[in-house]
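Going line by line, the protein sequences match chains A, B, C and D.
Positions in the first sequence are counted from 1; adding 250 to them yields our numbering.
Positions in the second sequence are counted from 1; adding 250 to them yields our numbering.
Positions in the third sequence are counted from 1; adding 250 to them yields our numbering.
Positions in the fourth sequence are counted from 1; adding 250 to them yields our numbering.
Mixed in with the good hints there might be a few duds.
Each pair may be met inside one copy or between any two copies, as identical chains are not told apart.
To be verified - Below, computed lysine to aspartate or glutamate pairings styled on EDC-like, alpha-carbon distance capped at 20 Å:
#, residue 1, residue 2
1, 355, 371
2, 268, 357
3, 353, 381
4, 254, 371
5, 268, 371
6, 300, 381
Because the hints were derived from the structure by calculation, they are not lab data.
Read off the chains here:
Number of protein chains: 4
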Amino acid sequence: MTSKLTLDQATEVISAAKAKAAELGQPMNIAVVDDGGHLVAFVRMDGAIKASIDISTRKAQTSVMMNAPTSALTDLVQPGAELYGLGQLSGGMVTFGGGVLLKVKEEVVGAVGVSAGSVVEDISVAVAGAEAL
Amino acid sequence: MTSKLTLDQATEVISAAKAKAAELGQPMNIAVVDDGGHLVAFVRMDGAIKASIDISTRKAQTSVMMNAPTSALTDLVQPGAELYGLGQLSGGMVTFGGGVLLKVKEEVVGAVGVSAGSVVEDISVAVAGAEAL
Amino acid sequence: MTSKLTLDQATEVISAAKAKAAELGQPMNIAVVDDGGHLVAFVRMDGAIKASIDISTRKAQTSVMMNAPTSALTDLVQPGAELYGLGQLSGGMVTFGGGVLLKVKEEVVGAVGVSAGSVVEDISVAVAGAEAL
Amino acid sequence: MTSKLTLDQATEVISAAKAKAAELGQPMNIAVVDDGGHLVAFVRMDGAIKASIDISTRKAQTSVMMNAPTSALTDLVQPGAELYGLGQLSGGMVTFGGGVLLKVKEEVVGAVGVSAGSVVEDISVAVAGAEAL
Numbered sequence: 251m252t253s254k255l256t257l258d259q260a261t262e263v264i265s266a267a268k269a270k271a272a273e274l275g276q277p278m279n280i281a282v283v284d285d286g287g288h289l290v291a292f293v294r295m296d297g298a299i300k301a302s303i304d305i306s307t308r309k310a311q312t313s314v315m316m317n318a319p320t321s322a323l324t325d326l327v328q329p330g331a332e333l334y335g336l337g338q339l340s341g342g343m344v345t346f347g348g349g350v351l352l353k354v355k356e357e358v359v360g361a362v363g364v365s366a367g368s369v370v371e372d373i374s375v376a377v378a379g380a381e382a383l
Numbered sequence: 251m252t253s254k255l256t257l258d259q260a261t262e263v264i265s266a267a268k269a270k271a272a273e274l275g276q277p278m279n280i281a282v283v284d285d286g287g288h289l290v291a292f293v294r295m296d297g298a299i300k301a302s303i304d305i306s307t308r309k310a311q312t313s314v315m316m317n318a319p320t321s322a323l324t325d326l327v328q329p330g331a332e333l334y335g336l337g338q339l340s341g342g343m344v345t346f347g348g349g350v351l352l353k354v355k356e357e358v359v360g361a362v363g364v365s366a367g368s369v370v371e372d373i374s375v376a377v378a379g380a381e382a383l
Numbered sequence: 251m252t253s254k255l256t257l258d259q260a261t262e263v264i265s266a267a268k269a270k271a272a273e274l275g276q277p278m279n280i281a282v283v284d285d286g287g288h289l290v291a292f293v294r295m296d297g298a299i300k301a302s303i304d305i306s307t308r309k310a311q312t313s314v315m316m317n318a319p320t321s322a323l324t325d326l327v328q329p330g331a332e333l334y335g336l337g338q339l340s341g342g343m344v345t346f347g348g349g350v351l352l353k354v355k356e357e358v359v360g361a362v363g364v365s366a367g368s369v370v371e372d373i374s375v376a377v378a379g380a381e382a383l
Numbered sequence: 251m252t253s254k255l256t257l258d259q260a261t262e263v264i265s266a267a268k269a270k271a272a273e274l275g276q277p278m279n280i281a282v283v284d285d286g287g288h289l290v291a292f293v294r295m296d297g298a299i300k301a302s303i304d305i306s307t308r309k310a311q312t313s314v315m316m317n318a319p320t321s322a323l324t325d326l327v328q329p330g331a332e333l334y335g336l337g338q339l340s341g342g343m344v345t346f347g348g349g350v351l352l353k354v355k356e357e358v359v360g361a362v363g364v365s366a367g368s369v370v371e372d373i374s375v376a377v378a379g380a381e382a383l
């Protein structure tokens, strides 16, 4: 029943993401899920918007469900593109950047989702978190 | 209470679809529903993305609800087109290809939905499944 | 991204469960999920009630979410008992028997949920499925 | 936009709750919400059941929504009692113990919810968390 992703690992991811967010001066919501999309750890930094509690968590879950970073979906879901309408499926997925897979030795163990800044900032903080593993 | 579509028939559809997916080298989620849209059989091939559990099932259900393949809906739901917004109705429908009606002697008995590859691959696997009947 | 539980293993579980259901003369819905609660395989035997599509799947998911057979919850959720109200939490859980954990070498790899007969029959079919691993 | 409850305070609550859970030998899900019921921090300790992700969060939210510990609701929601049916309102509330208000100088600043053990254990860990403030 224990996840491949431990709470210690999730805490490292969040610490690295928080450090990057502080460097950018942008408070963030940061969510870490296991490879089944179930939440392992979450923080909302002081001043980060409340809407991003859900958005950051769904970004992480979307990465796990799609086995891809959420930024890979953006072009695919535009009007006229192949997966237009995808975002409302599988319980509601986020199709802009900020969700990134977490890997240990090439194996996916979960994902991190970051939200509250611009998409470029969200991605940068999520990547910083993922690189901590 | 027994559907017009038997489990044996649904199993044949899934076997044919799996064979086509293996030929393409693309693991798939494959769902078969009866003419009321209720699930009869489902498989997730090893390595197929989890988001497609819901998407494949809804593709099959959408085909039954619309009495059409899901690929027929794509143009109709674009911004400015006649059925813009359709995807969020009837409990959430999928408006890109991969859902195909199942017919026995010209009578609709259900549908098969396939998801995890490109839309072209999904359609190809769904059609292979439907042709097994 | 591949589950610890393979489709081949899930298919074995379903075959064993189907054989037991046939022996009892009770058509069943049988759902197998991985250790994240995501569906791997499902069958509805001819004549089994449609309500049990959802119930069998949720039984399997509940077992994974609670790390226990669903029959262990029945006494705990009665009026006046410790977990009265549990069934509506975590997305809706089933608190009567028919969901059983799947283990390989003592490790939980998923769960099987069975529904359409009496609770005693459902449990008996689920256990037969679980013992196939 | 900043909550009365800071992330530093929420982290202290979680640390104290984790220490108590470790002392009891019972891995827990621990959620801290602000006075609007919005998540500030969450951890799932290794081995804690997944169903309690939702349950711990809702316990904290229920405490805020009812301005009371969740244990105060248990008697009120039994069949025949005054608030029978309460649990399904306000988005789904938890009516057994493990949700406790967080106060700073007598003012409610949020709540902590704990789930995965017995109700007595959950309450004990939540109270340990709340006393850290």
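For each hint, the structure was consulted:
1. 355 - 371: Neither. Shortest intra-copy (26 Å) and inter-copy (30 Å) distances fail the 20 Å Cα cut-off.
2. 268 - 357: Neither way: residue 268 and residue 357 sit 24 Å apart in one copy and 25 Å across, limit 20 Å.
3. 353 - 381: For residue 353 and residue 381, the Cα distance is within 20 Å only inside one copy (9 Å; across copies 33 Å).
4. 254 - 371: For residue 254 and residue 371, the Cα distance exceeds 20 Å both inside one copy (28 Å) and across copies (26 Å).
5. 268 - 371: Within one copy, since 12 Å is at most 20 Å while 32 Å is not.
6. 300 - 381: Neither way: residue 300 and residue 381 sit 26 Å apart in one copy and 24 Å across, limit 20 Å.
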